[in-house]
Structure formats: C-alpha cells, structure tokens
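> Letter by letter, the chains look like this.
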Amino acid sequence: MSEPAHMNPARSFQGLILTLQRYWAEQGCLILQPYDMEMGAGTFHPATTLRALGPKSWRAAYVQPSRRPKDGRYGENPNRLQHYYQFQVILKPNPPNLQELYLGSLKAIGIDTALHDIRFVEDDWESPTLGAWGLGWECWCDGMEVSQFTYFQQVAGFECSPVAGELTYGLERLAMYLQGVESIYDLNFNGLEGVEKVTYGDVFLQAEQEYSRHNFEHADTEMLFRHFRDAEAACRKYLEAGEPEADANDQRHLMALPAYDQCIKASHMFNLLDARGVISVTERQSYILRVRELAKACGAAWLKTEGGGVAA
Amino acid sequence: MPDLLLELFSEEIPARMQRRAAEDLRKLVTDALVERGFLYEGAKAFATPRRLALHVAGLPVKGQDVCEERKGPRVGSPDAAIQGFLKGAGLASIDQAKIESDPKKGEFYVAVIEKPGRSTPDVLAEILPGIVKNFPWPKSMRWGAASREPGSLRWVRPLHSIVCTFGPETEDPEVVRFDVDGIGSGDVTKGHRFLAPGEIRVKRFDDYAPALERAKVVIDTDRRKDMILHDAKDLAFAQGLELVEDEGLLEEVAGLVEWPVVLMGSFDEAFLDIPPEVIRTTIRANQKCFVLRDPNTGKLANKFLLTSNLIASDGGKTIVGGNERVVRARLSDANFFWKTDQQVKLEERLEKLKSIVFHEKLGTQYERVERIAALAKELALIVGADPELAERAARLAKADLVTEMVGEFPELQGLMGRYYATLQGEHTSVAAAIEEHYKPLGPSDRVPTDPVSIAVALADKIDTLVGFWAIDEKPTGSKDPYALRRAALGVIRLVLENNLRLKLYDVAKQSLGILTAQGHAGEGDPEKAELILLDLVQEFFFDRLKVSLRDRGIRHDLIDATVGTAAHSLWDDLLMIVRRVEALGRFLDTEDGKNLLAGYRRAANILRIEEKKDGWAYNEAPDLQIVNDQGQIEEKALAVVLDGAKREAAAVEAEDFEGAMRALSRLRQPVDAFFDKVTVNAEDPALRANRLRLLNSIREATRTVADFSRIEG
Ligand SMILES: Nc1ncnc2c1ncn2[C@@H]1O[C@H](COP(=O)(O)OP(=O)(O)O)[C@@H](O)[C@H]1O
Ligand SMILES: [Mg+2]
Numbered sequence: 001m002s003e004p005a006h007m008n009p010a011r012s013f014q015g016l017i018l019t020l021q022r023y024w025a026e027q028g029c030l031i032l033q034p035y036d037m038e039m040g041a042g043t044f045h046p047a048t049t050l051r052a053l054g055p056k057s058w059r060a061a062y063v064q065p066s067r068r069p070k071d072g073r074y075g076e077n078p079n080r081l082q083h084y085y086q087f088q089v090i091l092k093p094n095p096p097n098l099q100e101l102y103l104g105s106l107k108a109i110g111i112d113t114a115l116h117d118i119r120f121v122e123d124d125w126e127s128p129t130l131g132a133w134g135l136g137w138e139c140w141c142d143g144m145e146v147s148q149f150t151y152f153q154q155v156a157g158f159e160c161s162p163v164a165g166e167l168t169y170g171l172e173r174l175a176m177y178l179q180g181v182e183s184i185y186d187l188n189f190n191g192l193e194g195v196e197k198v199t200y201g202d203v204f205l206q207a208e209q210e211y212s213r214h215n216f217e218h219a220d221t222e223m224l225f226r227h228f229r230d231a232e233a234a235c236r237k238y239l240e241a242g243e244p245e246a247d248a249n250d251q252r253h254l255m256a257l258p259a260y261d262q263c264i265k266a267s268h269m270f271n272l273l274d275a276r277g278v279i280s281v282t283e284r285q286s287y288i289l290r291v292r293e294l295a296k297a298c299g300a301a302w303l304k305t306e307g308g309g310v311a312a
Numbered sequence: 001m002p003d004l005l006l007e008l009f010s011e012e013i014p015a016r017m018q019r020r021a022a023e024d025l026r027k028l029v030t031d032a033l034v035e036r037g038f039l040y041e042g043a044k045a046f047a048t049p050r051r052l053a054l055h056v057a058g059l060p061v062k063g064q065d066v067c068e069e070r071k072g073p074r075v076g077s078p079d080a081a082i083q084g085f086l087k088g089a090g091l092a093s094i095d096q097a098k099i100e101s102d103p104k105k106g107e108f109y110v111a112v113i114e115k116p117g118r119s120t121p122d123v124l125a126e127i128l129p130g131i132v133k134n135f136p137w138p139k140s141m142r143w144g145a146a147s148r149e150p151g152s153l154r155w156v157r158p159l160h161s162i163v164c165t166f167g168p169e170t171e172d173p174e175v176v177r178f179d180v181d182g183i184g185s186g187d188v189t190k191g192h193r194f195l196a197p198g199e200i201r202v203k204r205f206d207d208y209a210p211a212l213e214r215a216k217v218v219i220d221t222d223r224r225k226d227m228i229l230h231d232a233k234d235l236a237f238a239q240g241l242e243l244v245e246d247e248g249l250l251e252e253v254a255g256l257v258e259w260p261v262v263l264m265g266s267f268d269e270a271f272l273d274i275p276p277e278v279i280r281t282t283i284r285a286n287q288k289c290f291v292l293r294d295p296n297t298g299k300l301a302n303k304f305l306l307t308s309n310l311i312a313s314d315g316g317k318t319i320v321g322g323n324e325r326v327v328r329a330r331l332s333d334a335n336f337f338w339k340t341d342q343q344v345k346l347e348e349r350l351e352k353l354k355s356i357v358f359h360e361k362l363g364t365q366y367e368r369v370e371r372i373a374a375l376a377k378e379l380a381l382i383v384g385a386d387p388e389l390a391e392r393a394a395r396l397a398k399a400d401l402v403t404e405m406v407g408e409f410p411e412l413q414g415l416m417g418r419y420y421a422t423l424q425g426e427h428t429s430v431a432a433a434i435e436e437h438y439k440p441l442g443p444s445d446r447v448p449t450d451p452v453s454i455a456v457a458l459a460d461k462i463d464t465l466v467g468f469w470a471i472d473e474k475p476t477g478s479k480d481p482y483a484l485r486r487a488a489l490g491v492i493r494l495v496l497e498n499n500l501r502l503k504l505y506d507v508a509k510q511s512l513g514i515l516t517a518q519g520h521a522g523e524g525d526p527e528k529a530e531l532i533l534l535d536l537v538q539e540f541f542f543d544r545l546k547v548s549l550r551d552r553g554i555r556h557d558l559i560d561a562t563v564g565t566a567a568h569s570l571w572d573d574l575l576m577i578v579r580r581v582e583a584l585g586r587f588l589d590t591e592d593g594k595n596l597l598a599g600y601r602r603a604a605n606i607l608r609i610e611e612k613k614d615g616w617a618y619n620e621a622p623d624l625q626i627v628n629d630q631g632q633i634e635e636k637a638l639a640v641v642l643d644g645a646k647r648e649a650a651a652v653e654a655e656d657f658e659g660a661m662r663a664l665s666r667l668r669q670p671v672d673a674f675f676d677k678v679t680v681n682a683e684d685p686a687l688r689a690n691r692l693r694l695l696n697s698i699r700e701a702t703r704t705v706a707d708f709s710r711i712e713g
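Chains as they are written, first to last, in UniProt numbering: chain A, 1 to 312; chain B, 1 to 713.
FYI, nobody ran anything at the bench for these hints, they're computed from the structure. Even for Gly, the Cβ is constructed at its ideal location relative to N, Cα and C. A hint or two may mislead.
Distance condition first, Cα-Cα at most 25 Å in a straight line; then the derived PhoX-like pairs of lysine-lysine [unchecked claim]: (1) B:Lys27 <-> B:Lys71; (2) B:Lys354 <-> A:Lys70; (3) A:Lys107 <-> B:Lys27.
What follows is a list of derived Cβ distance ranges for each label pair [as the list claims (entries may be wrong)]: (4) A:Lys197 <-> B:Gly151: 30 to 40 Å; (5) B:Glu473 <-> A:Asp230: 34 to 44 Å; (6) B:Glu149 <-> A:Arg284: 36 to 46 Å; (7) A:Val278 <-> B:Arg485: 31 to 41 Å; (8) A:Ile31 <-> B:Glu149: 22 to 32 Å; (9) B:Phe336 <-> A:Ala311: 51 to 61 Å; (10) B:Glu473 <-> A:Glu76: 40 to 50 Å.
Full structure from sequences and hints, please.
Right under this line is the structure:
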C-alpha cells in the first residue's frame, strides 16, 4: 500500500478508520460523526435505529464510541474494553451485492482473500432493549470475528420495509489483526514511530482503569436509578408533547428525536446499574422491557415524522 | 429417461439448517410430482453453505394422457341443451359425440374428451415457485428493494439465482423457466466464493457436480465430512497424535465450507494446565476447531485442527497464524477464569445464588439448594450414603453456576464444580456428586453409582418434579420446557440400575413438605397435596416407567398387567414393580403359567357372560358349606387350594415373587380339573351361584399378583 503510515490501515488505528470512511463514502454513504451520547453500540445512533424505520432510502457510515460497562477489565484484558469503537455502516434498502461490498472493504483495508480465510458464520442479531432483530452472520477472518453483518427485519417492534443491511466492524480487534499485535493497548494509533508514536494504550489505558473502577465499584447507583426513572419519564413526556392534536391538519409528530435521546439514556443507565450488580435477575427482565417500551414508542413517533416517511 | 436439476443459490445458509433443508427440498418436490402422477426413479438433495441442490432422475417427458367421458343430454333434446353440452365438453359439433343407450333414459350423447398429459417442464414450472415461496425454513427473512412490498419472498438469507434444467442424457436439456419474486430460473451458477468466483453454465446433474468440483465446491455434505475427517486423522497421525472425534462439530464444520482444507495450529504448552474439558470446549465452541490427544497418555496435546474454506496462496501459513492468535486469546481468557474462580471458595458463592431466580413460583437457586440439601440428607439414609456428605455435596452442587467459567461456558456446569471442589479439598464423593448430580442426562448417559452422587442426583430431580407439579407446570404433548420427562426417567434409571428400594410416594411427599415449608406452592393443603403426589407418581412416573420398560423390550401387556395394579404397600416401589413384571414373565413362560392363564380366561369369560345375564356380580366368597354338601370332588379340591392361595398375597408382601408365582401354579391343576368335570351352570340355582363365586375366587387369587385380564397372546 502506497499510503503514508499515519493513513495506512495496517500501520495505524486512525488509518483504518480513514480507509473505511473513504471506502464507504465511495459506495454512496454519508459519512456521519458519532452521536454525542453514551450508548452500547452503533446501532443505537438515530442514524441507524430510527433511519431503519420507514420507506426512505438511506446510506450512512460512521464511527460510534461504544460503552459496555460490564466489559470493563481494568485494562487487563488484551481484547475486551468497556469503551471501544465500532464502525457502523447502514444501507437501506440493502443492495443485492452487500456481501461483495463488505468483502471489498476488507480488501481496502488490506485483507487479501487469497491468503485469508473469510467466513460468514450464522449469528442472528437481537436487541431486546430496542425491540429489534435481524438475520445475518459474524464475519470471521482466520477464525476471528471481525464484523457483524445483519439484515434488519424488525426495529422498535416495527417490520422494516424495506430491509436495511447493517455492518458493524469492531475496529480495535480488526486493527490488532492488521497490525499483528497481541493487545489492543499495543495498537499503533497514529502510525508514527519512535518518540512520536502514540499507542492505543497511551490514549485509553488510564480511562479503562478508571472507568472499570467506576462501573463496578463506585458508580452512584442511587443517582443512576433516579436518572433511569427521569429519562423514562422525560421520554414519555416529550413523546406526548410532540404528538399532533387529533384534529390538526398536520399529523406529524414533532419531537421523536429528543424523546429517543431519553431512551438511549435510559438504556445506558440500565447498563451501568447492571454492571454494578444491583439489578436482580427478575428485575433485569422488567428493566429491559421498560426500555423496549420507550424504543417502541419512539419508533412509532418517528414513523409519523418526515424522516420516517410522512410527506412534508 | 430425463432428469431434473434444481439449484437454489443464496448467501450463507446456517450450517445447522443445511441437511434438513436439502431433505425438505427433496421431499417437497418429489411429493408434488407424485401427487400429479409423475413417478421417478431416484432423487437426492445436497447442501453447501451457499446452495441447495436437487437431482431427480428418471422422470417421464410428460404426464399420462387421460381419457374422460362426459354424459350429455338425450338424443333429440332442445338445441340449447345440445349447445351447452358441446361448449362444456369442448366439441365443435354433435357429430363428435358418441351415442349410448340406457333402458331407462333411452339414447343420449356422450362426449369423449382426450386430455393429453402435460409436459413435465410445464408442470415443474408450475410446482417449483410455490415450493420456494413456502419453504419451511426454521427462520427466514426479507431483503433488498423487494422488501418494500408486503408479501415479498422470504428465504433463509438472500436468494440470488436458480438453476433448473430438465432433459434426457442424449440431448441438451431445456431450462425450466419460472420466476420467483423477480428471480428467474436459468442454467448459470457460481463456484467457490474465492477460488472460482466466475459463472458456470450447467446442463444436467451429470455435468453440474463435476463442474462444481472443478470450481472447488463439493456439493455432498457427507463427502465434505469424509474429506475433513480423513485429512484431520492424517495430519494428527503425522504428528504421532490422535484426533478427538466430535461428530457434532464435524457436521457443523462441513456446513461452513464448500471446499474443506484442514490445517494444524498449536498453542503454548503452559495452557495445558487448564482442565482438558475447558480447552476442548473453548476451542470447539468459539473456534469450531478439533483438539488432539497423545494416544499413549490420553492427554490433550497443545495442537488443534481448523477447517478452512481456502487453498491459500501461502499454503495456509497466514490462516494458521491468525487462528493461533485467536485460540491463544481464548485460552488466556479461560485461564484467567480458571485462576480467578479458584480464589473464591464454593460455599462463599452461595450468597450469590440468592439473586438467581430458579422459577418465579419456586424461589431462588439458593432456596432450591436448601431444599435439595434437606432432601439429599434424608435420601442418604435410604441409599446408603453418609448423610453429612450428601448434604455437603448438595449445598455445593450449584455453586459453580456463579463462577466465571460456567458463566462463559454453561455446558461446563457440574464439571467445574467438581474441579473447584477437589482443589479446595472436599471429600472425593462430594466432588464427584457435584458433577454427577445432573446425571443421567439422557437415555445413553451414565448413571452415577456413588451413593452420595445418587442421593444428590435423586434429590435434584425429585425436587424439580415435585416443584413443577405443585405449581401445575406439567409437560403437555411435545412441550416439556423444564425437561421433566427426562428428570423422571433419570429417577427411574437411578433407582433400577442401582437396585434401590425407595418408596417414591413417600419421598415425593417429603420433598413437597420441604417446598411448602419454604412458603412456596401454597399452604400445603393435605388433600391437594395428596392429589398432586398421586398424579405425579401414579400417572406420570408409572407412564415413564412403562415407556422405559418397553424400551428395554419387556412385553407391554405384562407391564400394564403389573404397573399400578398392586393395592398393597409396595405399590410405589419401582424396583419391586419391575421384579414383579419379570417374575410374571417367567411364570407365563412355564406350562403351569400358560394353563393357568387359560383357566383364568375361561373363568373370567363365564363370569362375564353369567354376570351380565343375571345383572349381578358374584363377588362374595363361595359358601364352603354348599361346596362340601353338594359339590363334586374337583370342586372341593379347587375350594381348598383357593383358600390356600391367600398365601401368595403374603408372599407378594414379603417380596417373594417367585413364591407368589409358585403359589399360583398350584392352582393350575385343580382349575383344569374343575373345568373338565364340573358344569358351572348347574340346575340348582344355589349351586350354580356358588360355582360362579368359586370362579370369582380364581379371578381374585390372580389379582394379587397381576391383572390377568390385561395379558395378551
Ligand atoms: N468489549 C469489546 N471490546 C472490544 N471489541 C468488542 C467488544 N465487544 C465487541 N467487540 C467487537 O465489536 C464487534 C461488534 O460487537 P457486537 O457485540 O457484535 O455488537 P452489537 O451488539 O452491536 O451487535 C464484534 O465483532 C467485536 O469484534
Ligand atoms: Mg456479536
């Protein structure tokens, strides 16, 4: 590859991101930026969850920092982090050659299919909190799961029509592979060498340690419970406030997006509480259901907006 | 005769669904053909990750011609009627109809309609779209732009193309043209995704299979399995190792590749300190790789075998390197779990079970452990185990559910508990019981023999059964979400194979008492409890017992005659029931047994007829005075032995089944003589009634051993 190291997907973490962005931009995707809220996966970004609903075509790609409080390992596990980056691609409707496009992206980041064993292994995706499911695969490269590939069938309890194809790359694990390192913390972030080299560990190790303490030991559970309840109430309040009057000419919903933010928030509060181990098994189910109810209501509201397909 | 070739080419089909899908395709297509009168010589279906294929050999070119006659109006009917008839039968003029006559109706027209058989491709084109559209995938999906419309095609993953040709060997076959939701059939397919991605034009199965083989696709799953197994064994052998065979894994792996290439990787020997089951489970579940062992020591080797889907340009070096890296990471995880788990004693984990709900109405895992411990302690006395050890084992039996390792690999439950118990110095029987208390898991699983294991295994299963019975969550039809049938069968095997004397009803009652004392399953209303327990033991358990005896080849009529018929104190003792069935079988094989059965039937028949005639059951004991005063000598003899037959009841109570049978066999000669010489339906009504009562005594006498009326043959 002729690119300089700081742009090269095999030499720098940032090069991987830049290469994927470029590749998907060429496939007609909008290159969006991360959503400015804490969330467990790129799927929660409204550019996926909400845009997957309704008849409008949509193509976007973006990096999403993903927070999984329970995955914290105090910086001691080489490939599991409580904060990591997902690269998310959504194409609606999915083009017939989505698998080929995906393989093209692997080629773009330097994975040669004459050398590497690429496999599509059944893995059906389901997000109980989002009321969403789809069929697809884990994509393996030489036995390692490098992406998740899903054809969305349902989101927020609604049938997807048309169906969107979603690709999620676990960037750190992919980069480990490309750079040939044994630990995420050893990843070269900027592609430079010597004193100028910055590793993933330089940027994030301290954060992993601090947040693991926070997630497992100190996160203020009383506050989190309160925030969960507040977000839930706010979500409902905004949904109600945005609901059109029954006799109005314009039947569009006016506040689907702010309401959905509160759903994202409730979901993250739940994840933090879960990591703190203060939610019993039976309660767990009921919290998941509560978030799902919010997601469903937000999806229903979104379908009544312009983005959801209602004419202006 | 011509052949059909059908291929449905799609994105990757889940491995676990492939075999079934191929079979469904074969059946659906051949059934539809046969239903329309098209017979065939043979059919075989195939599956790979990207395609389902079907070959139907020896089909006719077209269906059979049929000739149909249709009756028309009488000769000389009004023109309107004639015209209507011609139109309906598709005739041009009335001259084309023949005339038949009938003595009643006179002369009338008959149209002979010749229906030529339809061409097979036409029929196929009609059948196949429906089969594709309604294919019974366990899970299917919509995709692409077509999914904007309701009712768009569903398939397991996006379907891309269809090959369908039909024709004889000697000519170029024709493409059977049809269209499913915009996907038109043709004669073009593709080879291996990476090794031969180009398009391939195919004619018929005979060139399809070899063309795909050249394009690095082996369509036959069993052949791919053979290739993998063969190469795996070769590679192992070359290293002086032995493959740890795994049929389930082999089947799965064969469903993940179109062209299998087996490669060997290795991992750091230091990981061999992790229990071998853990290594195997990690490598199998996450990486779908086989493990190897040293044939001399039987120990795992630090090697694994992966099955790739690629003939790589570097001979597989990169692929092996990548897989080794993942295996290393997985084993590091496992090692981490193994080490950290050891830092917390099993008994210290019990607290955590309080937050795991076993069942909403049956409390937490912690409460369940308390119950099992209490019951195991009681059962220990019955099965000859040390009650303290049984209680200890039961207490620790579920602790591994909250270890990191079992959290990651639930299938290692029990086994990890055993390892951790051994490491913390528990008694070997306690450690063994922690693993074995789940057993037997199925009809082929081993039954534990250590008394401590038996006590805990029984307690675990009986608590489960009694619990779900108490909250009325019994299995129905094919639904058995809590595997209660398996639990009952487990109890039966534990009892029978260990020759345990156990009064099931009493144990179940104890178990229910423990449950209700915890405040679950109602207040323990004794009448309701009695009903629950009888239903569990008499209906469910006895049913399971019958099934398991039948599976062991014991005559079902003997089982029916014995199980659940005894009205004495051994009625719920499974071992004794089985002994009784066996003794009965042996008795009926003897001359005495056969004749007594014949005598019994004669008595029962006569009684049935006479009782019906008289509207009266002759249930009372015979009047010995009458026998003595008026009876014939044979009758007197019979009365004497029948009186003595009370002994067999005592023998049954004393569990001397051979004795009981011997007592029964003494009946045979007097019964035979009685029927030989004595007329039951005597003139004197009192004498007749008394003789009928005598017959009734024969019936009664046999009943203490078994219900002879249910014996067949
Ligand atoms: N805790 C983690 N740390 C680093 N990478 C992760 C972590 N969890 C998942 N990944 C990577 O991210 C990808 C997507 O993760 P997955 O759990 O499948 O996400 P989703 O829930 O969005 O489907 C995976 O392929 C994996 O490589
Ligand atoms: Mg996943």
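> Evaluate each hint against the coordinates.
Now for the hints, and whether the structure bears them out:
The hinted pair formed by B:Lys27 and B:Lys71 fails the criterion: a straight-line CA distance of about 39 Å is larger than 25 Å. With a C-alpha separation of about 21 Å, the suggested pair B:Lys354 and A:Lys70 falls inside the 25 Å cut-off, and the hint holds. Between A:Lys107 and B:Lys27, the direct Cα distance comes to roughly 41 Å. Violation of the 25 Å bound is thereby established for this hinted pair. The hinted window of 30 to 40 Å between A:Lys197 and B:Gly151 is violated, with their beta carbons roughly 57 Å apart.
As the Cβ distance of B:Glu473 to A:Asp230 is approximately 39 Å, the hint placing it in 34 to 44 Å holds. Against the hinted window of 36 to 46 Å, the Cβ-Cβ separation of B:Glu149 and A:Arg284 comes to about 39 Å, which satisfies the hint. Distance hint for A:Val278 and B:Arg485: a CB-CB separation of about 38 Å, consistent with the stated range 31 to 41 Å. The hinted window of 22 to 32 Å between A:Ile31 and B:Glu149 holds, with their beta carbons roughly 31 Å apart.
For the pair B:Phe336 and A:Ala311, the supplied restraint of 51 to 61 Å holds, since their beta-carbon distance comes to about 56 Å. The hint said 40 to 50 Å for the Cβ distance between B:Glu473 and A:Glu76, and at roughly 44 Å that hint holds.
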